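Undergrad: This is what each chain is made of:
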Amino acid sequence: MVIKSNILEKIYLFITAIFMLINLYLIFIWAPNEINLGISQRIFYIHIPLAWLGMVSMVILGITSIIYLLTNHTKWDNLAKSTAEIGVLFLSLLLLTGIIWSKPTWGLWWTWDAKLTTTLILWFIYVGYLALRAYGPQGSQGARYGAIIALLGIIDTPLIYFATIWWRTQHPELNIGPAADVTNTIDTAILQVLVFSLITFTVLYIFLLIERYKLAQLETTAKETIHA
Amino acid sequence: MLKFLFLSFLLISVHLISTDIIFADNPSQTNSSIETISEEEQINTQTNNGLIYVFIAFLITWIGFFFYLYYLSQKRKELEKEINSIKEKLTSK
Chain A
1 MVIKSNILEK IYLFITAIFM LINLYLIFIW APNEINLGIS QRIFYIHIPL
51 AWLGMVSMVI LGITSIIYLL TNHTKWDNLA KSTAEIGVLF LSLLLLTGII
101 WSKPTWGLWW TWDAKLTTTL ILWFIYVGYL ALRAYGPQGS QGARYGAIIA
151 LLGIIDTPLI YFATIWWRTQ HPELNIGPAA DVTNTIDTAI LQVLVFSLIT
201 FTVLYIFLLI ERYKLAQLET TAKETIHA
Chain B
1 MLKFLFLSFL LISVHLISTD IIFADNPSQT NSSIETISEE EQINTQTNNG
51 LIYVFIAFLI TWIGFFFYLY YLSQKRKELE KEINSIKEKL TSK
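In order, the protein sequence lines correspond to chains A and B. The first sequence: position 198 = 198 (the numbering used here), numbered continuously. The second sequence: position 34 = 34 (the numbering used here), numbered continuously.
What the hints contain is simulated information worked out from the structure, not anything from laboratory work. Remember, predicted model here, so these are calculated numbers, not experimental data. Here a beta-carbon is modelled for each residue, glycine too, at the ideal position from N, C-alpha and C. One or more of the hints may lead you astray.
Straight-line distance between alpha carbons at most 25 Å, and here's what the computed DMTMM-like set of lysine to aspartate or glutamate pairs gives [what the hints assert, rightly or not]: (1) A:K103 to B:E80; (2) A:K103 to B:E88; (3) A:K103 to B:E82; (4) A:K223 to B:E82; (5) A:K103 to B:E78; (6) A:K223 to B:E88; (7) A:K10 to B:E88.
Here are the computed distance ranges between Cβ atoms for each label pair [to be verified]: (8) B:E78 to A:I206: 18 to 26 Å; (9) B:E78 to A:I29: 46 to 54 Å; (10) A:L174 to B:E88: 30 to 38 Å; (11) B:K89 to A:N6: 24 to 32 Å.
One-sided and incomplete, this derived list gives chain B residues near chain A with beta-carbon spacing under 7 Å [said to hold, decoys possible]: (12) G50; (13) A57; (14) L59; (15) I60; (16) T61; (17) I63; (18) G64; (19) Y68; (20) Y71; (21) R76; (22) E78; (23) L79; (24) I86.
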C-alpha cells in the first residue's frame, strides 16, 4: 500500500514537473510581449496564479476549520493547518513578485494601494493563524481560535478581489474572472498562457497540499504513538 | 527529480540572461546611449531592463517552491525515523 502510494506520488510529481517546464516554455518563448507593459508583464503569469491560490487556500482553510468544529475529526484540522502553511507560501511569493513587478512599472517597490494593503492584511492573517496554532492552545480550543482567524481571512478575500472595482487603485484592473470588465479584452495568446499557468500552479498546489497533509497525519500518528 | 528540475530552471535562466542586460538604475549605461541608438534599439533596451526583474521574480518563486519541498522531505524523513524508533522501543518492551 505504501509502495503504491509512493509510486503515485512520484508520478504526480513528474506530471507537475512536466507542466512546469511547458509553462516556462510558453511564458518565455511562446507568449508575445504585451504592448504597454513590455516584458515585465510576464511576471503576471506567476503573479496571478499565486494570488488565485493564495485566496483559494484561505477559503479552504475557513471551510475545513468549520468542518473540524462540527465533526471534531483530526484529519480536518490537519487539512486546515496544511492549507494555511501552503497559503502563506503562495501569498509571500505573491507579495514578492508584486513588489518586483511594481519597481520597473510604477517606479516604486511598494505603495499603500487598496489591493496591496488588503493582500498584506491577508498575509498577516495567515501568519497569525500559523503562530496561534504553533504557540497557542493545543487541541480543539486552538482549532476554535484558529477558525475565528480563518473567518477574518474569508472576509478579507473578496475585499482583495473587488479592490480595483470598489476603490480607485493603482493596481491593474481585473481582466479575467467573474467580475472582470468585458471591455478589457486581452490578447488570445496571453490569455491562453495565463489559463495554462493557472492550471499548472493549481496542479502544484494540490501536490504540495497532499504532501503537507500526509506529513500532518504522520505527526498525529507520532503523537498518538507516544501517548499510547 | 528535484535536482533535475532545478538544473532545468538554471539552464533556462542562463539562456535568458545570456543577452546583454542594461540596468535601469545605472545612468552611465542608459543616458549615454539613448541619443545614438535607433528606436528599435531603445525598445530592446527597455525589454532588457524588464528582463532582469522577470528573472528575479521567477528565481525567487522557484527557490521558494524548492525550499519548501526540501523542508517537507526533510521533516518527513525525521518523523518516519522517530516513529520507527518509538515502534522499536515498544516492541522490545
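Undergrad: Close enough to count: is the Cβ of R76 of chain B nearer than 7 Å to one in chain A?
TA: With a minimum Cβ separation of about 5 Å from chain A (threshold 7 Å), the hint on R76 of chain B holds.
Undergrad: Is K223 of chain A close enough to E88 of chain B, meaning Cα to Cα at most 25 Å?
TA: Holds. K223 of chain A to E88 of chain B sits at ~15 Å (cutoff 25 Å).
Undergrad: Do the beta carbons of E78 of chain B and I29 of chain A sit within 46 to 54 Å of each other?
TA: Given range 46 to 54 Å: violated, Cβ gap about 40 Å.
Undergrad: Y68 of chain B was flagged as interface toward chain A. Is the shortest Cβ-Cβ separation under 7 Å?
TA: 6 Å, holds
Undergrad: How about I63 of chain B: closest beta carbon in chain A under 7 Å, or not?
TA: 10 Å, violated
Undergrad: Are T61 of chain B and chain A close enough, Cβ to Cβ, to be under 7 Å, as the hint says?
TA: 5 Å, holds
Undergrad: Would the hint on I60 of chain B be counted as holding, given a Cβ-Cβ threshold of 7 Å to chain A?
TA: I60 of chain B check passes; min Cβ-Cβ to chain A is 5 Å, inside 7 Å.
Undergrad: Given G50 of chain B was flagged as interface, is its beta-carbon under 7 Å from a beta-carbon of chain A?
TA: Holds: closest Cβ of chain A sits about 4 Å from G50 of chain B, inside 7 Å.
Undergrad: Can you verify the interface hint for A57 of chain B: is its Cβ closer than 7 Å to any Cβ in chain A?
TA: Status holds, d = 4 Å.
Undergrad: Against the range 18 to 26 Å, how does the distance between the Cβ atoms of E78 of chain B and I206 of chain A compare: consistent or not?
TA: 24 Å, holds
Undergrad: So, Y71 of chain B near chain A? Judge it on the closest CB pair being under 7 Å.
TA: 10 Å, violated
Undergrad: Is the hinted pair K223 of chain A and E82 of chain B satisfied, with a Cα-Cα distance of at most 25 Å?
TA: 10 Å, holds
In the structure shown, a violation is registered for the earlier hints numbered 1, 2, 3, 5, 7, 9, 10, 14, 17, 20, 22, in ascending order.
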